[in-house]
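Please dock the two separately framed chains into a single complex, following the hints provided.
Going down the list, the protein sequences come from chains A and B.
So the first sequence is residues 1 to 303, counted in UniProt numbering.
So the second sequence is residues 1 to 269, counted in UniProt numbering.
Not one of these hints is a red herring.
In silico lysine-lysine, DSS-like type, Cα no more than 30 Å apart, as pairs:
no., chain 1, residue 1, chain 2, residue 2
1, B, 78, A, 189
2, B, 41, B, 72
3, A, 208, B, 78
4, B, 51, B, 198
5, A, 233, A, 150
6, B, 198, B, 34
If you are wondering where the hints come from, they were derived from the structure by calculation, not from laboratory data.
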Amino acid sequence: MHHHHRSAAIAKKLLLRSSFFSSAKQIAPAPPLCCRFRFISSEPPFSHHQTPNHFNHPSPNTNTYTDSSSTPPPPQPPRARPTPTPTPTYEEEQARVLAASLHHVIRLGWSEAAMIAGARDVSVSPSIVGSIPRKEAALVEYFMDHCFQKLVDTIDSDDDSQFKDLVPSERIANLIKLRLQMQAPYISKWPQALSIQAQPSNISTSFKQRAMLVDEFCHASNDEATGVDWYLKRSIVGGIYSSTEIYMLTDNSTDFDDTWAFLNERVRDAFDLKKTFQEVKYFAEAVGAGFSSSFQGFTKKGC
Amino acid sequence: MSVTMIARRLGSKLLPRFAPAATLHSHATSFGFKEVNEEEKSQLVGNVFTKVASNYDIMNDLMSGGLHRLWKDRLVSKLTPFPGMKHLDVAGGTGDVAFRILETINSGRAMDDTLEDNLQEETQIYVWLGNLGSLVWVEGDAEKLTFNDDSMDGYTIAFGIRNVTHIEKVLAEAYRVLKRGGRFLCLELSHVDTPIFKQLYDYYSFSVIPVVGELVAGDRDSYQYLVESVRRFPRQEVFASMIADAGFQQVEYENLVGGVVAIHSGLKI
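Just chain B, same shape as in the assembly (with noise of 0.2 Å):
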């Protein structure tokens, strides 16, 4: 008896494809709701992020009312380190996931094997600056990583994505460092669905952000334009085909708070 086997490529066929060429066209021009050159995109995005870096962490927890610690948490958990894992953590700013990541592997609550006998590997966190200027670690351009193929156990972009110019280069960079079994996990604010707490949360970001930017930041721009990214970024479900066409396995999304925030991951194979 023979059954027919047929190899299926993950992604390429399953989901209704409202041509994502266009919506990566209409990502990379894409400056909130404006419409810029492509080659000024990351120009505007790193003079939005100079702006708001002195003040980034208190209106992180203004605007998220402090769950964004939760959701950076929940990135984590998922993402499970071990000690000895070689993780990047890309467009990471303030450090805050990477110092979790670390936190997690040395207060013991990561799985390990250190029963084994060999020596233990150190572990090495990579925080990967996009055009955002200012701290320690390496900085350089996501689209173009300075580190060699398969090797990296993890890489996890928080509230990164979004900004970038080409979402498939840094998805295609992401799938190259990777090692065989490495995961990506991305953690983005995302789109709504649910009726009336999209009207809510519509309101929300469009009438009491910016004007929360203007008074403690004193910059209404920036935060208009934040939100306005959101709006542009592509839906839970086209984001998570790109994830697929890059080469990742077993991609799957989790909303968190009805799709304000939701956590993409994939894994190498």
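The following block holds chain A by itself, in its conformation from the complex (with noise of 0.2 Å):
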């Protein structure tokens, strides 16, 4: 149940990222593209229009009825008023094409050759693509919430305790390389996508998605920082992963092992980092404990 929460709560923050901010008008307010998740509450990011909530899997009633039986097909439940099939609407359409197109990044890249390759796989009218803004850049925001998603299910569906039983660090270590290794198959193509991220257009909203993701790492390995060390641990997290993002769009070794060394090199020296700081900062009280004192005693008695 607990988990359930988590995932609506989740799912409403990567639904309040609107990435529809234009010169153009919207009649409707349009939530973020990116969202197939099962439970969606969606708020307007038009506070005077009504939220418009979205059927997600709409399934068409369908009634099979196998000729050769001789008994006559059992009546249906009754219902106050038949449900029509609802029309898709535009946001699931375009997620449709976004994920088809994953298939094809490997061969043309984060582009909008991609993104039409995939609507028609989907056997939609390419010109779908020319609706999405900014084009390439929501194919790679699609591809970060869908990578996140499966890192939610997986923290959230730990059966086998695969991470409550390991320390922090380790923790930490493993979450990092679950979440890089969804992106292992489109390495070849991801210096494009990190470089798209850093569009000015594209910055805010790629800095908000790892913003999200180091919070969910360090959510899950059952931070209890407060105050300056929750801006601390979060952005040393950052850090860890970023760095090993980077190393790893060179590395050539067998299932990027010399990335995870890496990986478990920095984790190590941050854990070791974070005892010096907290070392310094009973330092520094120690200090200023010591002065106080000193200068209160020279108060008095210099009068």
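Right under this line is the structure:
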């Protein structure tokens, strides 16, 4: 039950990222396009419109009757009113096109060409690609969301306690490894994805996606940091993740073994660093206490 | 945990609908600021365009200060054409939009997936001439297109929808011929709201343009009709709701030059 709550909360956070800001005025508030989660509660980016909620996985009512059977088909359960086949919304279609495009990314890169091929796969006119704002960036962001959701699902369904038994440092290393392995098939085109994410128009969305990812890493390793530590820990984990991601780009070892070794080194360094930071903090407090007492003594004396 | 989900038909309840039925009726019977019978309107519009045809290009340049080229460029770039697409340009008269699309594709600036091994379909662009007469390509009534359902990847209409008698029929036809995923784009003169600019624009429209029409083309009345029909055309939001009513999704509009021109776009799913 707890897992479902978390999924819904995360889905809600993802939905608040709207990627439809442009000089074009929209008639209907459009939630961001990369959401294919089971639970959706959307909030409108523009507060003065009512909230549209969307069907996901529209399922047409199909009744199959076998001609060979002699018995009449079983009666349908009585319904209050017949449910018509819901027309899919354009966000769903666009998401389907993006999902299909991912298969072509390895050959065609994160480009409109991959999206056209994806549209053809889903038997939708490739013109739909023209309606997707910030085309290649939308594809990359969809992929990032997709991987994020897979990560959350893996953490939530951690039946074999793959993570719970580990110490925090190992847990974070395993989570980062798990997430980066999802990118492994696309590694030849990943530099292009990084450059797309770094473009000015896309950087705010990619930053938010990475922040959520890092938050998830820290949360899953039961981080109890408060105050400055919260930011500190996340920035450290973010740094580890980014540096490992970039290391992976030039790693030619089998199964990226070198990358995981690099990752483990960085995580170990970070935890040593954490101890160092704590020691520095105590030292600073001690020094401060010492100063204040000597200052009081000084002021008492020298009147 | 269950979350209630409500399907929402886009555009149906979103905008303050000040009786679009009345707007549609008034458009069907308006010829500029005059009131005419529905049957007469297409005839009158046809007459106007027969008269302006000879000086069409130079008048466009004069009236818009050459900007109409940029507007059409913007329209085509929004469309993002691709090789092998089947496109329909309605009321395309001089073929400006059609030529731009073809040029985008041939110059390699279009998005394409020619790395695919399958044979590339030939790009086909149809230019549909309403009651405008004269040039090549296909001729007929925009309210009754002769193409099959779900056959077009794109549909554009540049500066043409203002002159049709029944807007909703043209929109319905556009919806019919488009494939799933096809896009509808409409470039049209529209309404300006910014205070001072609006006054300037009105002055320019009513005082300068008919005079220029008189001087250059010898035809003040046609250009008077033109500027009046712009004022009678529905506002951006209302037109967008009409497009949504025809069944399109993701209906958006983009104002160029502060609202002098608007590009409406819709997606058929």
